[in-house]
Structure formats: structure tokens, C-alpha cells
Amino acid sequence: MRFVIFGAACLLLGACDRLPAQANAAPTRTSEFAVSALGRIDVAGHTRRLAPRRRGVIETLTVDVGSRVKAGALLASLHCEAESASMTAATAALQLTQAQRDQLRSGARREAVSAAQADASASSQRMLDTRDQLERLAALQRSGLQDERAVRGLAHELRARASEHEAARARVRDLQAGPRDVDLALADARVAAAAADLETARAAADACTLRAPSDGRVVQIFKRPGEFVAADVGEAVLAFAGSDELIIKAELDERDIGRVAVGAAAAIRLRGSTVDYPGTVYQIAGQVGRTNTRSDDPADRFDRDTLEALVRIEAQAPELVIGRQAVVEFLVQ
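Start counting the sequence shown at 1; every next residue gets the next number (this note's numbering).
It should be emphasised that the hints constitute simulated quantities derived from the structure, not laboratory data. There may be inaccurate statements among the hints.
Unchecked claim - Per label pair, the in silico range of CB-to-CB distance:
{"#": "1", "residue 1": "G289", "residue 2": "F228", "range": "48 to 56 angstroms"}
{"#": "2", "residue 1": "R312", "residue 2": "P225", "range": "29 to 37 angstroms"}
{"#": "3", "residue 1": "T91", "residue 2": "Y282", "range": "47 to 55 angstroms"}
{"#": "4", "residue 1": "Q141", "residue 2": "D102", "range": "52 to 60 angstroms"}
Values in this document were obtained by computation on a predicted structure and should not be read as measured data. The C-beta atom is built at its ideal place from N, Cα and C for all residues, glycine as well.
Kindly generate the complete structure, drawing on both the sequences and the hints.
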């Protein structure tokens, strides 16, 4: 009996000695763990500060932060009453000169020719009446019944009537012959001068507007309607990004530098949200800098060094708004 108990004890002791060896021999598996960082939604690429070419008071602002715009879209305009009036007047002047040129090219209407012929006939009759009256006065003057000065005055009037009649006849001939080359050239010159005046007025009016230089998104607003802006001293109305792609600018703690690489997958959760959005790291900064994102943790240091990681958001949703804070978890092998 003692030998049985002793043998059983030996078997149990042998089994206990072999347990650690069996655990160390289990297949090894690399575990996944996450690196967390704070960040904010931003736009990919560089941003530009935009302002009108002249200084003035902002009258209208047609966009807001996050607005998507097409190239050439109106973003803002200044209060420029004089420039607007000049452009309106220049537009009307160009339309008038164009209408006059078109009328000249189309030739005289029959009504105009008839009116000119009637005017020439009336001037001829006035000339004949004046000549008959002069002949009567001259006869009276020869008989000593009329003053010589009256005769000379009527002779002067007859010459004026003759000139008037000749001008009326020339007017009829011009209408019947059509426009001369010199008249057409002069009309074209007037139109060209009016068009140049309009371009000058339009350039002055355009200096009061701010338009999108390309397709993109408004990132930040600096000035609102009613505020004064002066681009010549570095002031801007808004910040504009030429890209429409939203990204996360995450700040890696200096202790996590080297643990996150380009291509790493990320889970993005916006502050106050319960939804995780997928993302991918596409760029990591080449130098560290001070943190720009603050958490609600009172123990968190605001002067710590961080390394910026740019994460491309692989989703679209209305709550993805520029400037919103997020927590980013990077999956690291």
C-alpha cells in the first residue's frame, strides 16, 4: 500500500514539473494594442488667406465655415456704391453706341429718306419765297421807295436760305447713298472706346469683390458684414483651402513617437459622438511641436511636445465638421 501511495505521489510531482514547460511551448501570437491621440478635423492641403484687392467695409458674405464652393464663386463683397454706378453707366453707354452703329450699318429707313426729302422741298420753297421778296424790294429801291439797307438784309437772308436748302439736299443724297466707310469706322471706334470704359469700370467693381480662386472649401472666417478689412496691411476676410478632402490632424504624444507609421489604420470618434469612423495615416510630421489640442483632463499638460499625424477620413457624414475635436486610436501591430 505504501508503494502505491508513493508511486502516485511521484506521478503527481512529475506532472507538476512538466506544466511550465508546456505553457512556454504554446504558439506565440503578436497582440494588437492602440495608441490614442487628440486631434481636430481639418482640410487636406495648405490654406490661403483671401481678401478683396481694395480696402473697405464688407457688405455681403455668402459663405460660412465648411462651405464648399466652385472656382469663381462669389465669397464676399465690399460696399462700393460709386464703382457700381460707374459700371452701370458704362454698360448703358456701350449699349447706346452699339445701337447707333447697328442703325448706321443697316442704312436709312424709308421713313427717314421721305422726311429728308420733305425737309429739302420745304427749304427750297422758303428759298424761292425769299428770292421773290428780294426782287420786289429791289424794284422798290430802284424807284426810291425802299431803303437800301432792307434790300441788303434780305439778300443776306436769301444766301442763308440757299445754304439751308443745299444742306437739306446733301442730307437726302447721304441717306440714299448709305453709310460711308469713314462713318462706319468712326462708329466702330466709338463702340471700342465704350467697351474699354466698361472694362475699366468692371475692373474697379471687381476689386470690391472676393471670389474663390479654385474649387475648395472655406476653412475659417475672420471678418463679417459691417466690419472693415484692409488687405494692404495683411488683413483677410477668410481662409480658403483648395481641397475638399477632410482629414484629422492628430497629435501623437512624444512617448508614442515611432509606434505609429504611415498606412496604419485608425478609428476616429468625434467628441460627444458614439460613432467610430475609419481612417488611415497618410503622413507623419518630420519634427515635434507644442500641442494645439487640449483635453478635459485637468492633469493633462498643455506644454508637452507632440508629433502631428495626418489621418485621411474614409467616410462622409454631416457631423464631420471642420474644427471639431476627436479622439483617434491607431491600431499598431
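Results of checking the hints against the structure:
no.	hint	verdict
1	G289 / F228: 48 to 56 angstroms	34 angstroms, violated
2	R312 / P225: 29 to 37 angstroms	35 angstroms, holds
3	T91 / Y282: 47 to 55 angstroms	50 angstroms, holds
4	Q141 / D102: 52 to 60 angstroms	55 angstroms, holds
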